[in-house]
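Chemist: If you want the building blocks of each chain, they are given just below.
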Amino acid sequence: MNAYVGTPTSRVDGRAKVTGAAKYAGEFAADGLLHGFVVVATIPRGRIARLDASEALKVKGVLDVLTHAHRPPLADKDEAWKDEVAPEEGSPFRPLYDDSIKFNGQPIALVVAEDWETAKFAATLVHVEYREEQAFATDLEAGRSKAIEVKQPLKPRGDAAKALAGAAVRHEADYVLPTEHHNPMELYASTVVWDGNGRLTVYDKTQGVQNVQKFLCSVFDKKVNDIRVLSPYVGGAFGSGLRPQYQVVLATLAALALKRSVRVVLTRQQMYGLGHRPATIERVGLGAKPEGTLNAVVHEATAVTSRYEDFARNDTGWAEQLYKSANSRYSHKLVRLDVSTPCDMRAPGAASGVCALECAMDELAVALKLDPIELRLKCYSDRDQSEDLPYTSKQLRECYARGAEAFGWSSRNPTPRAMRDGKELVGWGMATGVWEALQMPVAVRIVLTANGHAEVSCAASDIGTGTYTIVAQVAADTLGLPIENISVKLADSTLPQAPVEGGSWMAASSAHAVLGAAEDIRQDLARLARAMPSSPLAGVGAADVILVDGTIAKNGDKTRAISIADAMRHGKLERIEKQKLNHFAEDKSHARNTHSAVFAEVKVDEQLGVIRVTRIVSAVAAGRILNTKTGRSQIMGGVVWGIGMALHEETMIDHRFGRIMNANIAEYHIPVNADIRDIDVIFVEERDDHINRLGVKGLGEIGIVGVPAAIANAVYHATGKRIRRFPITLDKLLA
Amino acid sequence: MINFQYSRASDVADAILLLTAHPGAKLIAGGTNLIDLMKENVEEPSRLIDISRLPLRNIEETLDGGLRIGALVPNSDLAYDPLIEQRYPLLASAILAGASAQLRNMASVGGNLMQRTRCAYFYDTATPCNKRTPGSGCSAIDGLNRNHAILGTSTSCIATNPSDMSVALAALGALVHIAGPSGERTMALIDFHRLPDDTPHVDTNLEVGEIITAIELPPRGFARNYSYLKIRDRLSYAFALVSVAAALELDGNAIREARVALGGVAHKPWRSLEAETALRGQAATTEHFSRTADLLLQGAKAQAHNGFKIELARRAIVRTLMQAANATPQSQAHKKIA
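If you read the protein sequences in the order shown, they are chains C and Z.
Under UniProt numbering, the first residue of the first sequence is numbered 1, with each subsequent residue one higher.
Under UniProt numbering, the first residue of the second sequence is numbered 1, with each subsequent residue one higher.
No lab work stands behind these hints, which were simulated from the structure alone.
We treat Cβ as the ideally placed atom computed from N, Cα and C, and that holds for glycine.
Please note that a few of the clues may not be correct.
Okay, the calculated beta carbon distance ranges per label pair [unchecked claim]:
#, chain 1, residue 1, chain 2, residue 2, range
1, Z, Leu103, C, Arg47, 51 to 59 Å
2, Z, Ala126, C, Asp174, 54 to 62 Å
3, Z, Ser100, C, Ala173, 34 to 42 Å
4, Z, Ser100, C, Gly158, 32 to 40 Å
5, Z, Ser100, C, Gly720, 31 to 39 Å
6, C, Thr628, Z, Asn58, 53 to 61 Å
7, C, Glu172, Z, Leu103, 43 to 51 Å
8, Z, Gln5, C, Glu133, 36 to 44 Å
9, Z, Ser46, C, Lys60, 37 to 45 Å
10, C, Arg725, Z, Gly252, 26 to 34 Å
11, Z, Thr155, C, Ala16, 34 to 42 Å
12, Z, Leu103, C, Ala16, 42 to 50 Å
13, Z, Met1, C, Glu133, 55 to 63 Å
14, Z, Gly252, C, Lys423, 21 to 29 Å
Covered stretches of chain C (chain Z as the covering partner; in silico rule of three or more C-beta atoms under 8 Å from a C-beta of chain Z) [to be verified]:
#, stretch
15, 119-133
16, 347-356
17, 645-653
18, 678-692
Lysine to aspartate or glutamate pairs mimicking DMTMM-like chemistry, simulated, CA-CA at most 20 Å apart [what the hints assert, rightly or not]:
#, chain 1, residue 1, chain 2, residue 2
19, C, Lys333, C, Glu141
20, C, Lys423, Z, Glu274
21, C, Lys155, C, Asp52
22, Z, Lys335, C, Asp605
23, C, Lys721, Z, Glu287
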């Protein structure tokens, strides 16, 4: 189990991706393919009073304009529209369902034409009149007083309000984070191929093909075999593709209406009508004893949701994982506004909530005159306090130590504005990161053929994270084959079951499904080998047989071996096929988390306020790292996003119009190459014998958590200014 | 995007004829701004007149020792031209501070002068905008105006001109060569762009049927004491919050000639002859440069969200002039501010 696992194996799909051989949802062709262009609403709330498509229909090449008043049937029960990750509360959005407008950018018509340019032109000729019946609102801060509390899994401990009020040292503040959009590089797209008789093959940009398949079947009242969904490659999604997006409904609708194949690709601007990281106001209160131990933690988040669904994530509970306190209280409130429902975005909840918590901890450290690491070590919790459980593993202390050493933290002058480099103020800040180590039911099928080749297949998506590669690595190691002999098929709804790829659960989940199926193959091969005449494995129990170098061998004695090919030939088997659902032993006696310590250096031009993030060190403890190359890339991606969250990203809404005014990637700023300097990723060794057989935890989210706070804390250290409203732009420093 | 007709101009005269014959037509060269605006239905030309093949790609020396730059010279070619690098490094620096390498490869010099504001309301056809739809109102004045102008605004429009190149050209005293139905003429670059007043839909002083054929640089290049400093919300690939082009001729520490132009603060590159005149004969000190900033920013008016630009511009002017005086121009490759 170590030829490939744990090594920096290059992506098995890397060549296909960089040469263009990898096909994405909007690139699949079909005979007579039609193209749909979406018309979107330009008001945030109201009704369509009149929608006149007659001019558009006159354009040569236009086949139809689908609207709520002119379309094939759609399911009319909310249940039919609830996909596997839909919020529990609410009524999911139904595109082209009726005349109501629920958010700006909502699709209200689909122009279908022989080519995309014609559809796009005809879309400009669709005339819409609205009826605005009620006042609309899109401003979280203005609506804060109307927030409603949602159910919180964490129970209060002790009396946090009283403890906070009576604390010797107290810090309380609001941290305000704006709406953010995912902006994956690949645009949302679906190509629906009409296979005849109402059967469809759907190429969709999604993080879960089976989720989309079930959703389409229920929305369009189709049988399970009528619709097949594939998503072989995904050009980034980051949570925006967890729920089926509206373009797949529209493309399917058009295919059914016209009995032709249809492709719908959204524009970048239209993608701002999809989900988003909700704007939040994070109120954090920390009460400490004079020597620096915590006695009270209060964290109250107020977040945006839509009027039609209650979307809430765990913003507030993370102190339970990190910092000992006898008293704690957490609450999550929602303000229902005329926007589309928020959705998961990398480390949902934690990215925002831990940002606030870790800024607050930094402020408390200043108030206590303690080094920020020292404060965190004084409060360090070896147990998950809400459940009162130990962790399967928690090498966070080691993260602090290794990160601090690599960063050179010990030479930090704690006084703000004390460190300089010419005209720049230098700031060093740090923060803790934390995420869950989740695992989900995933099944994998392995077909081993006598030529020593194995095909591993699973419905899971690879959203760019490296799933193809780690599945190949684990299969190669467990089957004792070179990785070149492994082919991996993913993201086809007809393949063995998998949930959406998200939450950092797919690495551990898929790896253990591979492990299980490979075990079964090993057992079969052991039996075949022992059955051969004068077998060198005669009398060796199945538990002592391993697969290595293309052979079936006795563990610890490679001279007692038979080639897999020989054993299968002798057994007259061309192929061995095994399908296995992963199995994780139930363990209610441990908490499961990944952790990190993030260190940031910023340089701020003292006169002009221009901020440069010159160094980031991220020390991560996340169990066994299956692939140190793709794993490092995951963390680097998270760090880059964290830099953006700290300094750049903000969806700007003009609340007078309820419209997003920077719905493009020229004005919606994300970091560019010039904004990224040195990023040092350290994987702290973390052996975990409890979580699962391989000791794997997952890396998708942990890379971003803590990064914005580390940068904000560094900006404070550089300038003496505490900016609690993100992103930290230079005007806030000059104010 | 709407459907449109397409013609290819065979020469400058043909381009003028086509422009005159088709009132709804637009010229297209690199298309880096026009195509974006067409995709957003902000520009809806009935016809595109392709001038990209016209022979306007030369950079040649003029009799008086200046340079004449054809209107179709790509921004990249101009920035990396040895004559520009040696004699007008301020212009090279300003060009390299703008856009991305790919855009600079496509964008032409003439097109750069014609690029339109990045005001979000101008780009969004669902909101009122006097520049896009005269008389519909200005959404920015009471809206999101953090990026908007502080100088030369009107009650109709507070948009800014987004060009970096134009700011350097303004400082260098460039001329614009124009051909039109009634012949050729030249105009100082500083007079080329207009203030919004009550006609913000008219960006420039080009007349109907006119085409930019060249930019002319006077002999004075300020190659020793110059700097272009662009302050923005990320370290590259963003429009300026404030930018400053500074050019000095020094006699020891005494200023013989001074040019300062601002970007990101007005509907056009912003200069103050009073400020520049006041610097002549003075020593290159922070004190004098602060006075320059005061004069340049005279009459600056803050909107709800862009007041920071006034102080930012003040500091940036002093800093850029100091960079120029010290002959330590701002590097566009290294993001640390000199």
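Chemist: All hints are to be evaluated individually against the structure, with a verdict given for each.
Modeler: Against the structure, the hints:
1. Leu103(Z) / Arg47(C): 51 to 59 Å: 42 Å, violated
2. Ala126(Z) / Asp174(C): 54 to 62 Å: Once the Cβ atoms are compared, 32 Å apart, the range 54 to 62 Å for Asp174(C) and Ala126(Z) is violated.
3. Ser100(Z) / Ala173(C): 34 to 42 Å: 39 Å, holds
4. Ser100(Z) / Gly158(C): 32 to 40 Å: 55 Å, violated
5. Ser100(Z) / Gly720(C): 31 to 39 Å: Distance hint for Ser100(Z), Gly720(C) holds at roughly 35 Å.
6. Thr628(C) / Asn58(Z): 53 to 61 Å: 54 Å, holds
7. Glu172(C) / Leu103(Z): 43 to 51 Å: 47 Å, holds
8. Gln5(Z) / Glu133(C): 36 to 44 Å: For Glu133(C) against Gln5(Z), whose Cβ atoms are near 43 Å apart, the range 36 to 44 Å holds.
9. Ser46(Z) / Lys60(C): 37 to 45 Å: 18 Å, violated
10. Arg725(C) / Gly252(Z): 26 to 34 Å: 48 Å, violated
11. Thr155(Z) / Ala16(C): 34 to 42 Å: 57 Å, violated
12. Leu103(Z) / Ala16(C): 42 to 50 Å: Violated - the Cβ-Cβ distance for Leu103(Z) and Ala16(C), about 29 Å, lies outside 42 to 50 Å.
13. Met1(Z) / Glu133(C): 55 to 63 Å: 33 Å, violated
14. Gly252(Z) / Lys423(C): 21 to 29 Å: 25 Å, holds
15. 119-133: Held - the stretch 119-133 of chain C has 3 residues with a Cβ nearer than 8 Å to chain Z, which meets the minimum of three.
16. 347-356: Violated - the stretch 347-356 of chain C has 0 residues with a Cβ nearer than 8 Å to chain Z, which falls short of three.
17. 645-653: Answer holds; 3 residues pass the 8 Å Cβ test.
18. 678-692: It is violated: at least three residues are needed, and the stretch 678-692 of chain C offers just 0 whose Cβ sits closer than 8 Å to chain Z.
19. Lys333(C) / Glu141(C): 12 Å, holds
20. Lys423(C) / Glu274(Z): Violated, at about 30 Å.
21. Lys155(C) / Asp52(C): 54 Å, violated
22. Lys335(Z) / Asp605(C): Measuring from Cα to Cα gives roughly 11 Å; hence the hint holds.
23. Lys721(C) / Glu287(Z): Given that 20 Å is the threshold and the Cα spacing comes to 27 Å, the pair is violated.
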